[in-house]
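Asks: Here is how the chains run, residue by residue.
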Amino acid sequence: MDIGARRSTFKFVLVVVGMFGFGFALVPMYNALCDAIGLNGKVKMQASVAEPVQVDTSRTVTVQFVTTVNGGRTWEFRAEEASVKVHPGEMRAVKFYARNTEGRDLIAQAVPNVAPMQAAKHMRKTDCFCFNQQPFAAGEEKHMPVVFMLDPALPKDVDTVTLSYTFFEVEQVAHQGAPAQPKI
Amino acid sequence: MAHHDHAHDDHAHDEHHGPEKGIMRWIKTTNHKDLGTLYLFFAFTMFFIGGLMSLVIRAELFHPGLQFVDPEFFNQMTTMHALVMIFGGVMPAWVGLANWMVPMMIGCSDLALPRINNWGFWILPFAFAMLLGTLFMEGGAPAGGWTMYPPLVLQTGNAFPFLIFAVHLMGVSSITGAINVAVTILNMRAPGMSLLKMPLFVWTWLITAYLLIAVMPVLAGAVTMLLTDKYFLTSFFTASGGGDPVMFQHIFWFFGHPEVYILILPAFGIVSTIIPTFARKALFGYDSMVYAVASIAFLSFIVWAHHMFTVGMPLAGELFFMFATMLIAVPTGVKVFNWVATMWKGSMTFESPMLFALAFVFLFTIGGFSGLMLAITPVDFQYHDTYFVVAHFHYVLVPGAVFAILAGVYYWIPKWTGRMYSEKWGKIHFWLSAIFINITFFPQHFAGLAGMQRRVPDYAVQFVDWNVWSTIGAFGFFLAQFIFIFNMLACCYGWFGRKQGLPDRVWEGAHGLEWTVPSPAPYHTFEVPPVISDNEVTAAHDSVDALDKHKLS
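Chains as they are written, first to last, in this note's numbering: chain A, 105 to 288; chain B, 698 to 1250.
Pulled out of the complex, with its shape left as it was, chain A reads as follows:
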């Protein structure tokens, strides 16, 4: 095999290794894009700083709440009000109700999502049950708070925002807790 062929083989192998890495590099790139433009309705999982802003009373936006439990589980999970009307800039507190209907302890994590996606980065939450994992004893019920504000920069054509929460069981943690169960 001549030098030229060996050299180009080597180059192509480098490209293969590089592109394998590129596949993984797409992950942080995608997440950065989601943070920057709210792609796919992703919202921050940490509390925002509550800066006081001018409340824009000329606009009223309906915020609807959607709740889902992942994987066909029977937990009760709902917003205590199906929807609220807010002015951009106004801080608002709502409560979500959840009850563990399964006969065992479990730990749940809620994942939020906002539609339409251009509203995602204007949804500011200073408190949310989704910021932490929520432990539920068997049969335990909870009233969980969400404090949020839509910032006044919300695009003018958005008059309805849907905030959705999906509850997932954090299986690994639940597994660790499982051995204690038979003793109860």
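Calculated directly from the structure, the hints in this document are not laboratory data.
The beta-carbon is built from N, C-alpha and C at its ideal position, and this holds for glycine as well.
Just so you know, not all the hints are guaranteed correct.
[As the list claims (entries may be wrong)] Across the chosen pairs, the derived CB separations fall in these ranges: (1) B:Leu1012 <-> A:Asp106: 48 to 58 angstroms; (2) B:Tyr988 <-> A:Met133: 25 to 35 angstroms; (3) B:Glu769 <-> A:Thr205: 36 to 46 angstroms; (4) A:Ser162 <-> B:Leu1012: 23 to 33 angstroms; (5) A:Leu118 <-> B:Ile999: 21 to 31 angstroms; (6) A:Pro259 <-> B:Met1023: 22 to 32 angstroms; (7) B:Pro858 <-> A:Pro220: 16 to 26 angstroms; (8) B:Val1076 <-> A:Val121: 39 to 49 angstroms; (9) B:Glu717 <-> A:Met133: 27 to 37 angstroms.
Given the coordinates of chain A, work out where chain B should sit on it, guided by the hints.
Replies: Chain B only, in chain A's frame:
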């Protein structure tokens, strides 16, 4: 390496050297012609298995309601049919044709990495044994679709790791094949064979090889992430851990769209070879063909999200991907125009390879047009995941890629075996294939537009007529392929008293180095680089001479 070179020189001077006898010839071979043959037989076997799966699907869909298989097995069939046809049928068939033809077309003795070539082939039977073996496992084969979208695919049972590692092995095999072909083309062309004198099959394969090298590793990365999500507690695509299942679709289609051009670009090369031969004219617009293929390859990297318009994207994103996708119609239109212009005022004859090539131009264009319709974002919201999509990609893959493979095999089988196939049975095979493939897939356009969803074993009764036609067509097409394989095997083994003794230039209108070696092609060709005469490049090139000869009017 030095030792290997020495050994190779010795064997080049051994006049009586031929293939080893028995099964070990095929296991140990590093000869590009042997490996080409192995690849083609492997691909045919996979087409047969994947075809049987499609018959299970079509039998179930003959009538609404559930009759033969349960929905879980139906989903396994749609998933496995796609994986087997794409990675086991079309891709190995292209590598097989590249193995046979690329060295003979550019005038070198073998591919650059013969041992890697052997390895690349022999991984495939293991990969597909793993994949097909899942059909017999508890829980059955993967059933979440060939696109392997999470979270659904993460619910696959015991078959899951087999699916992932089979995809890894197929990827390794195609990457080795692609590197081999690209290195050969870049470094081992005969003196005088400059890049813009290469036959178009070589050009399209070079570009295909670049696409494979660029995107197969991305697929390997994506399925590796699926594997770690399922077994090693990562959360690339798991929403509960902060991941995003939609990200998988972006990564997958970043591989997936170039992949569809990997499946079709070599077909462009074959059709660009066959049409000039049987129109007895130089190919119209050789340079524009090369640039068109290169532009299609480039555009394939920036259109992936048109497969996922409905996941929710910013409006600007949807517009960008819509327009970028429509842009592909321009170079593709250039190619179709060039094929038609090549035939214009040619002295055409209609042997089997030409018939398949002409059907390719016509039917692939239909698939291209339905692709344009799907590119329009607002209407894609209606067409998404319907039988319209199924009709579209089967039109570009079956009368597209598969017809071009058939055309290529008919065209070169006399060179490979030294025996002419039966033209009568070739024509019967063509007409049955062309009619039945349209009966199969044309009605699916209508079923899809009317709202029939893909990947569902049952459907509403108003779609029943379209599905009855489709099923009849599928069985007819499948059966017609036995004519083909017997015709080709008869050439290989000299059945029905077929004699060797064809001229070097089997087709009078054919140009290119492969027609300067005897028929059948000797086990070793071009051990000494050939001198390239103008006659052999005119087919590829509309040189000044060629233009004079074929001046219009």
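Asks: If a hint holds in the structure, say so; if it does not, say that too.
Replies: Quick rundown of the hints versus the structure:
Restraint check, Leu1012 of chain B to Asp106 of chain A: a C-beta distance of roughly 53 angstroms satisfies the suggested window 48 to 58 angstroms. In this structure the hint that Tyr988 of chain B and Met133 of chain A lie 25 to 35 angstroms apart at CB holds, the actual value being about 30 angstroms. For Glu769 of chain B and Thr205 of chain A, the hinted distance range of 36 to 46 angstroms is not satisfied, since their beta carbons lie about 29 angstroms from each other. Between Ser162 of chain A and Leu1012 of chain B the C-beta distance comes to about 25 angstroms, which sits within the given range of 23 to 33 angstroms.
As the Cβ distance of Leu118 of chain A to Ile999 of chain B is approximately 23 angstroms, the hint placing it in 21 to 31 angstroms holds. Distance hint for Pro259 of chain A and Met1023 of chain B: a CB-CB separation of about 28 angstroms, consistent with the stated range 22 to 32 angstroms. A beta carbon spacing of about 39 angstroms between Pro858 of chain B and Pro220 of chain A contradicts the range 16 to 26 angstroms that was offered as a hint. Between Val1076 of chain B and Val121 of chain A the CB atoms are about 41 angstroms apart, so this pair conforms to the stated range of 39 to 49 angstroms.
Take Glu717 of chain B and Met133 of chain A: their Cβ atoms lie about 51 angstroms apart, and the range 27 to 37 angstroms is violated.
The earlier numbered hints that this structure contradicts are 3, 7 and 9.
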